[in-house]
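Chains L and S are the protein sequences, given in the same order.
The first sequence begins at 14 in the numbering used here and counts up one residue at a time.
The second sequence begins at 105 in the numbering used here and counts up one residue at a time.
For the record, the hints were derived by calculation from the structure and aren't laboratory data.
Hints are not guaranteed to be accurate.
[Claimed, not checked] In silico contact screen, one side only, chain S against chain L (beta carbon under 7 Å); selected entries:
| # | residue |
| --- | --- |
| 1 | 147 |
| 2 | 158 |
| 3 | 165 |
| 4 | 204 |
| 5 | 221 |
| 6 | 230 |
| 7 | 231 |
Cβ atoms here follow ideal geometry from the backbone N, Cα and C, with glycine treated the same way.
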Amino acid sequence: MVENGATAAHVLVIGSGGAGVRAAIEAAEHGSVVLLSKTIAGKGGCTPMAEGGYNAVLREGDDPALHAADTLKGGAYLNDPALVDALVTEAPDRMRELLAWGAVFDVGSEEGVAQRPFGGQQRPRTCYAGDRTGHEMMVTLMDRLAATDVEVVHECAAVELLLEAGRCKGAAALDSEGRLGVYLADGVVLATGGGTRVYDISTNSSSGTGDGYALGYRAGAEVIDMEMVQFHPTGAIQPYDARGRLVTEAVRGEGGRLLNRLGERFMSRYDPERMELSTRDVVARAIATEVLEGRGTERGGVWLDVTHLSPGEIERRLPIMLEQFLAFGVDIRTEPMEVAPTAHHIMGGLRITPDCATTLPGLYAAGECSGGVHGANRLGGNALAETQVFGRRAGRSAGLEPERPKGVTPAIERQLGALRLRFDDYLDGEVPPPSVVRRLRQTMWQGAGIFRDEAGLAGALAGVELLKNQRLFAATERNLLECCTAANQCLLASLICRAALLRPECRGAHMRRDADCSTPPNASRYGHTFLSLTREGIEEVA
Amino acid sequence: MAAVTIRVSRFDPASGEPARLVPYTVEVREGARVLHALHAVHEQDPTLAYRYCCGSGQCGSCAVRVNGRPGLACMLPVADGDVVEPLDLPVVRDLVVDLVPRLARIAAFLPGGEQDLPDRETVEALKDLCHCIECGSCISVCPAVTVTDFAGPTAMRQLERLRLDPRDTGDRTLLATEEGLFCCTSCQACAEVCPKEIRIPGKAIERLRAEANRRGMTLPRHAEVAALVRKTGRSVDRTITPLFERVESVLEPYGPVRGEVAFFIGCIYSMRLPETALDAIEVLRRNGIRVIVPKEQVCCGSPLIRTGQLADLARLQATNRAALAPYPIVMTMCAGCGSTLKHDYGNLPFRVMDFNEVLAEFGIEPPARLPLTVTYHDPCHLLRGQGISEQPRALIREVADLVEMEARCCGSGGGVKAGNPAEAEALGERRREAIAATGAEQVITSCPFCEFHIRAHTDRPVRHVASLLLEGYKKKDAEAASAPDQPSG
Ligand SMILES: Cc1cc2nc3c(=O)[nH]c(=O)nc-3n(C[C@H](O)[C@H](O)[C@H](O)COP(=O)(O)OP(=O)(O)OC[C@H]3O[C@@H](n4cnc5c(N)ncnc54)[C@H](O)[C@@H]3O)c2cc1C
Ligand code: SF4
Ligand code: SF4
Ligand code: FES
Numbered sequence: 014m015v016e017n018g019a020t021a022a023h024v025l026v027i028g029s030g031g032a033g034v035r036a037a038i039e040a041a042e043h044g045s046v047v048l049l050s051k052t053i054a055g056k057g058g059c060t061p062m063a064e065g066g067y068n069a070v071l072r073e074g075d076d077p078a079l080h081a082a083d084t085l086k087g088g089a090y091l092n093d094p095a096l097v098d099a100l101v102t103e104a105p106d107r108m109r110e111l112l113a114w115g116a117v118f119d120v121g122s123e124e125g126v127a128q129r130p131f132g133g134q135q136r137p138r139t140c141y142a143g144d145r146t147g148h149e150m151m152v153t154l155m156d157r158l159a160a161t162d163v164e165v166v167h168e169c170a171a172v173e174l175l176l177e178a179g180r181c182k183g184a185a186a187l188d189s190e191g192r193l194g195v196y197l198a199d200g201v202v203l204a205t206g207g208g209t210r211v212y213d214i215s216t217n218s219s220s221g222t223g224d225g226y227a228l229g230y231r232a233g234a235e236v237i238d239m240e241m242v243q244f245h246p247t248g249a250i251q252p253y254d255a256r257g258r259l260v261t262e263a264v265r266g267e268g269g270r271l272l273n274r275l276g277e278r279f280m281s282r283y284d285p286e287r288m289e290l291s292t293r294d295v296v297a298r299a300i301a302t303e304v305l306e307g308r309g310t311e312r313g314g315v316w317l318d319v320t321h322l323s324p325g326e327i328e329r330r331l332p333i334m335l336e337q338f339l340a341f342g343v344d345i346r347t348e349p350m351e352v353a354p355t356a357h358h359i360m361g362g363l364r365i366t367p368d369c370a371t372t373l374p375g376l377y378a379a380g381e382c383s384g385g386v387h388g389a390n391r392l393g394g395n396a397l398a399e400t401q402v403f404g405r406r407a408g409r410s411a412g413l414e415p416e417r418p419k420g421v422t423p424a425i426e427r428q429l430g431a432l433r434l435r436f437d438d439y440l441d442g443e444v445p446p447p448s449v450v451r452r453l454r455q456t457m458w459q460g461a462g463i464f465r466d467e468a469g470l471a472g473a474l475a476g477v478e479l480l481k482n483q484r485l486f487a488a489t490e491r492n493l494l495e496c497c498t499a500a501n502q503c504l505l506a507s508l509i510c511r512a513a514l515l516r517p518e519c520r521g522a523h524m525r526r527d528a529d530c531s532t533p534p535n536a537s538r539y540g541h542t543f544l545s546l547t548r549e550g551i552e553e554v555a
Numbered sequence: 105m106a107a108v109t110i111r112v113s114r115f116d117p118a119s120g121e122p123a124r125l126v127p128y129t130v131e132v133r134e135g136a137r138v139l140h141a142l143h144a145v146h147e148q149d150p151t152l153a154y155r156y157c158c159g160s161g162q163c164g165s166c167a168v169r170v171n172g173r174p175g176l177a178c179m180l181p182v183a184d185g186d187v188v189e190p191l192d193l194p195v196v197r198d199l200v201v202d203l204v205p206r207l208a209r210i211a212a213f214l215p216g217g218e219q220d221l222p223d224r225e226t227v228e229a230l231k232d233l234c235h236c237i238e239c240g241s242c243i244s245v246c247p248a249v250t251v252t253d254f255a256g257p258t259a260m261r262q263l264e265r266l267r268l269d270p271r272d273t274g275d276r277t278l279l280a281t282e283e284g285l286f287c288c289t290s291c292q293a294c295a296e297v298c299p300k301e302i303r304i305p306g307k308a309i310e311r312l313r314a315e316a317n318r319r320g321m322t323l324p325r326h327a328e329v330a331a332l333v334r335k336t337g338r339s340v341d342r343t344i345t346p347l348f349e350r351v352e353s354v355l356e357p358y359g360p361v362r363g364e365v366a367f368f369i370g371c372i373y374s375m376r377l378p379e380t381a382l383d384a385i386e387v388l389r390r391n392g393i394r395v396i397v398p399k400e401q402v403c404c405g406s407p408l409i410r411t412g413q414l415a416d417l418a419r420l421q422a423t424n425r426a427a428l429a430p431y432p433i434v435m436t437m438c439a440g441c442g443s444t445l446k447h448d449y450g451n452l453p454f455r456v457m458d459f460n461e462v463l464a465e466f467g468i469e470p471p472a473r474l475p476l477t478v479t480y481h482d483p484c485h486l487l488r489g490q491g492i493s494e495q496p497r498a499l500i501r502e503v504a505d506l507v508e509m510e511a512r513c514c515g516s517g518g519g520v521k522a523g524n525p526a527e528a529e530a531l532g533e534r535r536r537e538a539i540a541a542t543g544a545e546q547v548i549t550s551c552p553f554c555e556f557h558i559r560a561h562t563d564r565p566v567r568h569v570a571s572l573l574l575e576g577y578k579k580k581d582a583e584a585a586s587a588p589d590q591p592s593g
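The shape of chain L in the complex, shown without the other chains (with noise of 0.2 Å):
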């Protein structure tokens, strides 16, 4: 049945990104740990793709009150406090540990890590290693990982968690080979990050495809507000293959001026006082606006144009987008960039506490397949910060469940005898994953994006839901896991989907156009949208 083996040990984690590397290496101070990697460990995902940085509060003048404060302003106020909590209480934690283990930051002119200002903050927080801060940070923890006894398997991904009596055991693997492999575990850690790759135009990596929020669903987890996508103002259109790059908010920090066909700055028209440095949301619905109303770009776009700064600013303080557009054939120093949003963040995720618990038992979840942390919408810096503070308390919440018998029960024999019928079914099935993931793509930019109304929104749900009844078609048996990852962004996107119809007003990054838009987001009467097999609804304030 299982012919790639069950593999047991004290704590599974799914994921190799920044939360959960650090979930393993946390809970290896507990007991044996397996790490899944879709990817080569540590390639994947979109921690080694983070730029910007990693906010913590570390200086006089600062306070971690004012860290979330700004972060629940930012997230209009649908956060989960406590959550925020741990956030900022234990980021700078977490940031000295990265160092103590050789990570090398940027220093500043005074003593101790750089910190330079990012959207949304009052106080400049954002600690990073020039503009590679992810890659900076995985790059650590790897090396740290390679000190334990973690046992990493590299591209091996997770297509269904296992369960025993309510419990999650465990999950069920395919290697790049198309074998399928067993791993139990008394916990089991999902760290599996986003997925905006269900839209069209999108800044995540390959696995940017939503699978813990499948994965945990399917098992009975419970997930909220999903339907809170952030979509980063300034992506880049050009070539159209790459569309959805992210190009750094440093730009527009920089000075960067946002124009319209016309020449326009017209960000006076949106935010005349903050103009280019606006929150990502107001900044993202003002191009959306200028291009919907025919002021964009033929391709679509606005320009980002930083030709006022001298050729020697530009080489100082962006080298990176400059080595990029160079590569792509445009010289910022003498054109402008041509940019349009592009979906960045899944606010929304696994239902926790603040130890890392998910609605199912034996199931915790870190990083960006969480939900709660960020409410409406993330600052820029919170999201690495989260997979350290969350993926140490996932791990170890995970690390102290106790030792249980782990088996290939019949209960999971059944789970294993079903997953098969899946993948006959794929085998002979009919649609190739590529087709189907282009339509849903498609489907979720034009029904779910920027701008949402109900009619909109039910037009995708129904759109998504024709795709998820698609026969899948796996040409060979290494083909298989791109059809389960194809059902997850089918699932995924139907999720946001219901998600966004749960929600009646227009709150941080969700626009419904057809709501109220002018309660002050503090005075919501809505808390978190949920969706599980088996209720989902909005929370509201009495």
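Add chain S with the ligands to chain L, keeping to what the hints say.
Same frame as chain L, but now just chain S with the ligands:
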């Protein structure tokens, strides 16, 4: 949308068949990268195995060889006719190579030293070495990795990065020597292919070797060379009178003066292969170039720099700088000397040109053609050290038919021939195979180390570009002498 046809290497370990190139025609959009073409191929043929993740040059998953050269599939633009193959590492399937065991040789940070971030200056030095995305490209082109247990270029990069970090507690220099620090031939292949442009030989390996030297861990054979240089100003024994002592200071051309170079002959050409240097002088004089031989020249320092023995370097550099200062053009013929003068001497008041560059720039009288098929061995310090590749080929084609051979280090550089002879032999034998495969009758090169070393590893004559040219001129002269007199009037 435009159609491109690319050939992609397919390999199925279960088939028992070797890898083969399969053509695929796919539609791509403007600006598409190799990765996007691979996506399109994958849609046509879902059995294609390839890796990628970030799509933006940040994760190092997607490195492949495009037209023979390693690079990131997600960053390289795709063009019609591209050939996409896996990196030259053990192949798992199609474009997927077994990267993890190689990456496992990259040392991990050992905490326990200072807790706080080092000062700004140290951080800046560290940052230079931190950009590696572990794509494996450098490992895949490193000659030393193929014949020794060398941990590879990026492993050395990491050891230097750790050595510089006061928070790390490992003995990185010692570990580097155990991991093959002295196996590096300084061929620069790793630097050439690194997508993050990390110059590992200069930024890590030479610095680790210098530290090893400070700690008395230099290989005895390298130390002998340094002692010799200290004593004699030359890196080889004085078994003959060095050429520059034997020839006149100024060698006038045979015809009108079209140019002038000061000839930095270098230790090996002066004392081991003087005939080759004399051939070069003949060719220059024939082509109207006055050759000046500064008598005070000493060893350029390359054997010391490459092996990390820097104590006497400044003195050598000062002597050479003074000896060469009066001349606007200094010509080198040894690829190692040329690369060293160009890169390790800071700003010089004169222009350094390789012999091949000089001829290409001044132009040459056409020699007679020889009925000969030759291949060309690119000296590492000429090809990658100085970016000189086309000039010698053009010169060779004036005289003979040229068949190409893959550019690969012969094993004689970086002190490896002296310090690690078995490795040099093994790499030399690889050249033997490559040379034999071309079917060429002779091997032409442009570096005394290569010339010397490859001679021991092939049954064909190994000669310098100059010697080949000179033979062409001699034939031309002989033909002119035997030809019936042209009727005059
Ligand atoms: C371009 C970009 C720039 C960003 N910049 C910043 C920034 O400057 N500051 C900031 O705070 N945030 C930033 N973010 C957001 C931040 O990077 C992410 O939210 C965060 O890194 C997520 O970390 P993670 O560990 O949860 O998941 P990821 O880092 O995404 O890792 C997920 C891991 O799970 C693995 N995986 C997925 N599915 C499976 C499966 N089924 N089985 C096994 N393994 C699986 C993947 O291979 C991957 O290793 C940025 C995001 C992007 C895309
Ligand atoms: S210079 Fe050549 S031998 Fe040395 S590490 Fe680089 S590739 Fe290997
Ligand atoms: S040093 Fe450069 S070539 Fe080598 S693995 Fe790192 S990024 Fe790749
Ligand atoms: S896919 Fe990450 S570097 Fe190319």
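Practice prompt. Sort out which numbered hints this structure fails and list those numbers smallest first.
Written response: none
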